[in-house]
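There are 2 protein chains.
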Amino acid sequence: MSRSRDVPTLVARAREGDPRSVARLISLVENGDPALPEVAAALAPYAGNAQVLGLTGSPGVGKSTTTNELVRALRKVGKRVGVLAVDPSSPFTGGAILGDRVRMQEHTTDPGVYIRSMSSRGQLGGLSAATPQAVRVLEGAGCEVILVETVGVGQAEVEIASLADTTLVLLAPGMGDAIQAVKAGVLEIADIFVINKSDRPGADATYRDIQGMLGLGERGPGEWRPQVVKATAVKAEGVEDVLAAVDKHRDWLSKTGNFAVRRERRAAVEVEAIALGTLRSRIGSLREGTALTTLAAAVAAGELDPYAAADELIKGL
Amino acid sequence: MSRSRDVPTLVARAREGDPRSVARLISLVENGDPALPEVAAALAPYAGNAQVLGLTGSPGVGKSTTTNELVRALRKVGKRVGVLAVDPSSPFTGGAILGDRVRMQEHTTDPGVYIRSMSSRGQLGGLSAATPQAVRVLEGAGCEVILVETVGVGQAEVEIASLADTTLVLLAPGMGDAIQAVKAGVLEIADIFVINKSDRPGADATYRDIQGMLGLGERGPGEWRPQVVKATAVKAEGVEDVLAAVDKHRDWLSKTGNFAVRRERRAAVEVEAIALGTLRSRIGSLREGTALTTLAAAVAAGELDPYAAADELIKGL
Numbered sequence: 001m002s003r004s005r006d007v008p009t010l011v012a013r014a015r016e017g018d019p020r021s022v023a024r025l026i027s028l029v030e031n032g033d034p035a036l037p038e039v040a041a042a043l044a045p046y047a048g049n050a051q052v053l054g055l056t057g058s059p060g061v062g063k064s065t066t067t068n069e070l071v072r073a074l075r076k077v078g079k080r081v082g083v084l085a086v087d088p089s090s091p092f093t094g095g096a097i098l099g100d101r102v103r104m105q106e107h108t109t110d111p112g113v114y115i116r117s118m119s120s121r122g123q124l125g126g127l128s129a130a131t132p133q134a135v136r137v138l139e140g141a142g143c144e145v146i147l148v149e150t151v152g153v154g155q156a157e158v159e160i161a162s163l164a165d166t167t168l169v170l171l172a173p174g175m176g177d178a179i180q181a182v183k184a185g186v187l188e189i190a191d192i193f194v195i196n197k198s199d200r201p202g203a204d205a206t207y208r209d210i211q212g213m214l215g216l217g218e219r220g221p222g223e224w225r226p227q228v229v230k231a232t233a234v235k236a237e238g239v240e241d242v243l244a245a246v247d248k249h250r251d252w253l254s255k256t257g258n259f260a261v262r263r264e265r266r267a268a269v270e271v272e273a274i275a276l277g278t279l280r281s282r283i284g285s286l287r288e289g290t291a292l293t294t295l296a297a298a299v300a301a302g303e304l305d306p307y308a309a310a311d312e313l314i315k316g317l
Numbered sequence: 001m002s003r004s005r006d007v008p009t010l011v012a013r014a015r016e017g018d019p020r021s022v023a024r025l026i027s028l029v030e031n032g033d034p035a036l037p038e039v040a041a042a043l044a045p046y047a048g049n050a051q052v053l054g055l056t057g058s059p060g061v062g063k064s065t066t067t068n069e070l071v072r073a074l075r076k077v078g079k080r081v082g083v084l085a086v087d088p089s090s091p092f093t094g095g096a097i098l099g100d101r102v103r104m105q106e107h108t109t110d111p112g113v114y115i116r117s118m119s120s121r122g123q124l125g126g127l128s129a130a131t132p133q134a135v136r137v138l139e140g141a142g143c144e145v146i147l148v149e150t151v152g153v154g155q156a157e158v159e160i161a162s163l164a165d166t167t168l169v170l171l172a173p174g175m176g177d178a179i180q181a182v183k184a185g186v187l188e189i190a191d192i193f194v195i196n197k198s199d200r201p202g203a204d205a206t207y208r209d210i211q212g213m214l215g216l217g218e219r220g221p222g223e224w225r226p227q228v229v230k231a232t233a234v235k236a237e238g239v240e241d242v243l244a245a246v247d248k249h250r251d252w253l254s255k256t257g258n259f260a261v262r263r264e265r266r267a268a269v270e271v272e273a274i275a276l277g278t279l280r281s282r283i284g285s286l287r288e289g290t291a292l293t294t295l296a297a298a299v300a301a302g303e304l305d306p307y308a309a310a311d312e313l314i315k316g317l
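Listed in order, the protein sequences are those of chains A and B.
Sequential numbering from 1 applies to the first sequence in UniProt numbering.
Sequential numbering from 1 applies to the second sequence in UniProt numbering.
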């Protein structure tokens, strides 16, 4: 963004709910724009007001249908809603994921809903740095609930969990997901399990599997026992139960002080990701300059060892 | 390593070619031992003496058989040889890759050959930081040629290329590898293409495919045109041709000044990886301390924006 004087205007308009300004700000985040620190400073006072829900699960469990129904239910009770669909695999925006968004078209004309796909293109520190900033933009724009949806692969779902107040893990019957969930360590990140497509055979077995696995872990008196909820999003069944479980979790978070703990942990992850991204880009600019080049020449000549060179490099940052 | 006074002794013994000391030093590298800077300082004077060959290719093209035959041919002319088999996917040492090493058993009793499997376990900065250090250990131990072998998947082969003086990309006929190579951008890293299993049908077609693709790229007068060599390692055929191509490439590197350029670029990548690893671990220790915690609390409360907090964090490093 070339004219940084635009930032206060953009933030002011986003605060009024102007969707184009919101879109513009999230694009700045996604592209790792140099104006980001200014954007973050302008948004800081509005931080922490939205409830952030993470939604993850394997491909095919019905994530976008579920998101769509959750949005509908939240709109019914008058909440302003933001949706971030995070694609950890794509270096491009949208693409495959935008296809799914077609199912949410009914919400695109609703000024109370903001829907956006995001990739990690450009942003230093990847999605772990970009996603919290996008959440901040949506918070600033007055969203009361923000759904962050990502496909359950690799590191992305763990990052979503560290970002969310409440993490929902979607499963579907008969996909071997219950066992998969344990393997992937998803048990540790799920606050709520949603068994979607519960009208299919095997839903009860999946329900019992999950309950059984949850029963195995010991829990202290103040600890949260993950809820297991059956739903069939495509028929709009069970969505109220999911939201009831979310409310129950939020009450638990507040009552036990875990709300503040999670928010601070989230901020720590965010600050750390930004700091590492900044350091990486500073080192990158030393590469173009002379510092790293000179040090590397000394290392290549055997006059300096690489650890001593790295220390020198760090001193120069 | 608890007693750092052992480092000078270990390095001195490795210099004399004691295989147990070499093994111990590479284990320190692999585990990211706190004594690493001391090890690197002790090895620095001996840096840059070995010729480093990178060897990559898809599973099944015959990497370990080829390595085995290259080792045999190099031993015949009296060279001391080191082999690093790098497994980018495994969090553990050895494992699957060690199975392949059985084919190299004939060399295990030869004091002029050192063979080692490596994983990225523990090392900050992953294999991009660990592999150059292991190369330094082998250089210190007097290896004149070091073969670094990795399976051609994802980022690892690019890292191997940035580490090697000469990069060999192995293909096999009829695997669609010629097309794959272009897709994966392997054309840019290969100094030499080895079409292994050349006794199989389709070897000539693969040869022509590669030559055709190389013909497409424009080359300036001082630029290297990748060599294409046919071999059948399992019958020890074509191995001399591969080594002749390696020698030709080394001559080109020296004559054009590219040798020094590659060595300095390698050192730059190495220093950068170590510096980022150090910074990441310093931030990690701030997480346990109070700095990051205090900053995160201010961010969570909306009193500070995350970019300002990240700047504070960096100042405290």
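Hints are computed from structural coordinates only; laboratory data are not their basis.
Just so it is clear, CB atoms sit at the ideal spot from N, CA and C, and this is done for glycine as well.
Treat each hint with caution, since some may be false.
[Stated by the list, open to error] A short, non-exhaustive set of chain B residues, derived as facing chain A with CB atoms under 10 Å:
(1) Ala41
(2) Asp247
(3) Asp251
(4) Lys255
(5) Thr256
(6) Gly257
(7) Arg263
(8) Ala273
(9) Thr278
(10) Leu286
(11) Leu295
(12) Ala310
Hints and how they fare:
1. Ala41: holds (4 Å)
2. Asp247: violated (22 Å)
3. Asp251: violated (20 Å)
4. Lys255: violated (18 Å)
5. Thr256: Violated, about 16 Å.
6. Gly257: Hint violated; Gly257/B Cβ to chain A Cβ min 13 Å, cut 10 Å.
7. Arg263: holds (4 Å)
8. Ala273: holds (8 Å)
9. Thr278: This hint holds: Thr278/B lies near chain A, its Cβ roughly 6 Å from the closest one there, short of 10 Å.
10. Leu286: holds (9 Å)
11. Leu295: Status holds, d = 6 Å.
12. Ala310: holds (4 Å)
Checked against the numbered hints above, the structure breaks hints 2, 3, 4, 5 and 6 and satisfies the rest.
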